[in-house]
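Novice: All chains, please: the whole structure from these sequences, using the hints.
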Amino acid sequence: MARKVAIVGVGMQKFARRKEETLNEMIFEVARNALNEAGLTRDDIGAVVCGNAVDAFCGIHNSSKCITEGSGGLMKPMMMNSTSGSTAISLPILGYTHVASGLYDVVMVIAYEKMSENLGAQAVFNTCYDEVYVRPLGLNVPLQCGLEARRYLYKYGITEVQMAKVSVKNRGNALSNPYAQLPMKITVGDVLNSPYISWPVKLLDTSPVTDGARAVIFASEDVAREITDDPVWVRGVGRGANSCYFMGRRLDDLGRLDYAYLAANQAYDMAGIKNPKVEIDYAELYDPFTYKEMQHCEAMGLCEEGGAGRMIDEGISLKEGKLPVNASGGLQGEGNPIAAGMSRLCWCYKMIKKEAGACQVPKEVNTAICNGWGGMYQYNAVMIIGRD
Amino acid sequence: MGKRVAIIGIGLTNLEGREDLSHKELLFQATRRALTDAGISRNDIGSAFTTSYDLLEGRSLSNQFSLDAIGGVMKPCDLRLGEDGIYGVCAAYMEVMAKPSDIVVVGSVQKASERREKENAFQNIVLASLEPVYNRPVCNTVPISGLEYALAAMEARWYLHRYGISEEQTAKVAAKNHKNATKNPRAKNAKKYSVKDVLNSEVLSWPIKRLEAAEMTDAACALVIASEEVAKRITDKPVWITGVGWCSGTSYIESRDLSSSPYIRAAAQHAYNMAGIKHPAKEIDVAEIYDTYAYKELQYYEALGFCGEGGAGRLIDEGITELGGALPVNPSGGLLGEGNAVGTSGLIRAAYAAYQVRGEAGDFQVPGVDVAVAQGWGGIPTYCGGVVVLSRW
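Top line first, the protein sequences correspond to chains A and B.
Residue numbering for the first sequence follows the numbering used here, starting at 57 and increasing by one per position.
Residue numbering for the second sequence follows the numbering used here, starting at 24 and increasing by one per position.
Keep in mind the hints are simulated off the structure, nothing from the lab.
Here the structure is a predicted model, which means the values were calculated and not measured.
It cannot be assumed that every hint is accurate.
To be verified - Derived DSSO-like pairs (lysine-lysine); straight-line CA-CA distance at most 27 Å:
1. K241/A x K410/A
2. K122/B x K60/A
3. K60/A x K26/B
Claimed, not checked - Facing chain B, a subset of chain A residues (Cβ under 8 Å, in silico):
4. G95
5. C122
6. T124
7. L130
8. M134
9. S157
10. A297
11. S299
Glycine is no exception: its CB is placed at the ideal position from the N, C-alpha and C atoms.
Specialist: Now the structure itself:
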């Protein structure tokens with residue numbers, strides 16, 4: 057049987073459009089913060105797992121080989137995983153397997169992105185697409201999100217006003233987050249009046265370009281119980297992947313994220329959770345676009361399929377709501393350093409530990425879920441953490 | 024759940040330029056062979072993932088198109104290692120032990136033939152791989168067409184000098200591997216060369232000569248890795264993964280001890296501890312080593328504990344690592360003999376080692392292999408690598 061794994065510390069730093077530090081320095085800061093929080097030293101770390109979304113963002117090929125020092129991985133096993141946005145959670149899942157497999161007792165997981173090093177994020181994204189069929193069309197992430205959002209809104213009768221409410225919620229929540237890049241007090245009208253990026257997605261439905269890193273330390277049960285009286289366990293992990301040929305996926309619908317349902321079901325099975333709406337106390341979901349948070353609420357089972365519009369209308373996902381989502385501000389408010397969206401996991405941990413400061417939700421949080429979404433609209437990774 | 028993990032399927036394409044196939048088709052070929060070899064279908068796969076380097080494949084997020092080829096669609100396959108293929112074996116081991124999946128496919132593909140070598144594509148990627156603040160600006164002063172060789176030559180020069188290894192001894196490694204490759208039907212570009220041929224070939228960057236540096240090639244490889252329970256049910260010739268280890272050294276070239284490979288020493292130590300190997304030279308029957316350059320194979324003899332520090336010259340002089348010697352190294356021909364599919368080569372090493380354990384290596388089979396070692400390296404200019412121990416029992 058796989059071993060029990062706990063999270064014993066997270067390392068944060070402020071997200072910014074352009075950080076002056078080098079990649080190595082950025083990573084050093086979060087690794088140091090995580091070690092301090094866990095009360096561990098570099099010598100306690102058995103292995104390092106690190107990754108970004110796409111190497112081309114920071115302009116270093118094979119970038120994990122250039123952060124050995126900053127990450128504390130010098131002369132230790134280091135493994136790099138990159139799956140675009142879903143790296144945010146697929147990376148900690150890889151860290152989890154390091155410990156659960158019995159190979160290592162304490163593992164440092166570091167997600168980083170330095171997007172200010174490239175001339176244009178969308179030009180980089182274009183290089184992700186198939187070179188024969190898709191790249192020549194000039195496809196990029198906003199163009200593709202327009203297609204997907206359009207289908208999603210049409211299929212479930214979701215409105216642009218409902219999307220706008222998510223933006224207002226997340227940017228407003230970010231006002232309490234000291235690490236946030238883009239906290240904003242805005243109204244639904246502001247969002248609706250912002251220019252279209254790719255109909256129906258508007259400027260204030262999107263997330264900013266960001267530099268930033270996050271660190272999480274995983275430990276085996278023995279180590280965790282030594283360090284803390286209140287360990288936060290990894291209760292479930294799940295991953296899903298669909299074909300990259302999104303135009304040719306025969307059996308599904310662009311508006312429904314089959315692969316995200318797959319990932320969520322896997323994680324719930326592992327955690328033994330039957331009714332997420334009741335059993336999940338808090339969620340941090342990957343929200344590079346407003347409608348994405350809504351799609352993920354549905355796929356994670358936090359509302360019924362097609363019910364995400366009602367969820368935001370009724371205020372369920374507000375900070376003081378019944379099932380708060382992204383009280384940290386999410387990618388929209390906190391910033392979107394794609395892989396360092398691992399911040400979602402960090403905030404889940406902080407909510408459970410009641411260490412979220414001004415972002416802390418009023419309700420008691422024992423079980424939280426977070427996810428990452430990536431690839432070219434094809435990957436999803438889910439992690440559920442909580443107390444016993 | 025069983026406590027062990029085994030390789031139950033091996034799929035490997037020829038090593039040759041294949042401009043007629045896309046990398047997806049090439050990887051599909053390898054995966055199809057691995058699944059057929061294991062006697063399972065796509066539906067049996069628990070999860071599948073790849074190892075790849077973005078710039079070498081000419082696309083960001085280079086795994087996403089591999090997903091269809093390795094049978095990962097609508098499965099929990101959200102994983103892609105930006106590492107050499109040998110790390111794939113290590114990650115698959117953990118994946119099975121940690122139990123998200125019982126059957127894992129790990130694949131890797133490399134299409135060197137798509138790179139514009141006339142425009143120094145590979146050399147520019149080497150430049151882009153360098154630590155960007157301190158190392159890259161220095162290396163900007165090296166003529167780009169020779170960057171890779173200049174970096175390797177610094178290591179080679181210091182290694183040869185420190186341990187008194189001669190250029191004849193590195194040439195012998197190249198001659199051995201080129202000769203071994205002629206017995207390997209997958210090595211389409213194999214050709215026999217004498218030690219003299221190697222010594223007389225063009226100097227790329229002293230002391231590295233043309234025949235001592237592996238040529239780039241296309242290839243794909245896939246392994247099916249499963250839990251003990253599944254392995255015992257499906258196959259009567261499982262190849263057990265008894266040890267894994269990997270390690271990263273410093274990012275900064277000026278901080279490295281260029282004469283040795285402490286990262287492989289540490290990785291091997293971890294893998295040997297797991298496998299209970301105390302005397303590698305005695306207990307290991309065959310090794311597949313990442314010999315991008317001839318001197319690298321010698322360095323890795325030492326790091327893998329086949330001889331003491333500086334003892335690798337004697338090993339090759341005495342023919343111990345020849346096919347037919349006491350500890351044959353790279354009977355398949357290695358990267359020098361069959362070509363270097365960068366990023367995939369480590370997985371290919373593991374595939375050949377697994378064939379040796381099964382006794383299915385054909386003309387280059389080493390008799391009576393119980394324990395085999397496969398080793399991978401991140402390639403120039405990295406200072407990291409991994410080691411896998413495979414066993415019949």
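Novice: Hint by hint, say whether it matches the structure.
Specialist: Now for the hints, and whether the structure bears them out:
no.: 1; hint: K241/A x K410/A; verdict: holds, 25 Å
no.: 2; hint: K122/B x K60/A; verdict: holds, 12 Å
no.: 3; hint: K60/A x K26/B; verdict: holds, 16 Å
no.: 4; hint: G95; verdict: violated, 25 Å
no.: 5; hint: C122; verdict: holds, 5 Å
no.: 6; hint: T124; verdict: holds, 5 Å
no.: 7; hint: L130; verdict: holds, 6 Å
no.: 8; hint: M134; verdict: holds, 4 Å
no.: 9; hint: S157; verdict: holds, 4 Å
no.: 10; hint: A297; verdict: holds, 4 Å
no.: 11; hint: S299; verdict: holds, 5 Å
Consistency note: the structure conflicts with earlier hint 4 alone.
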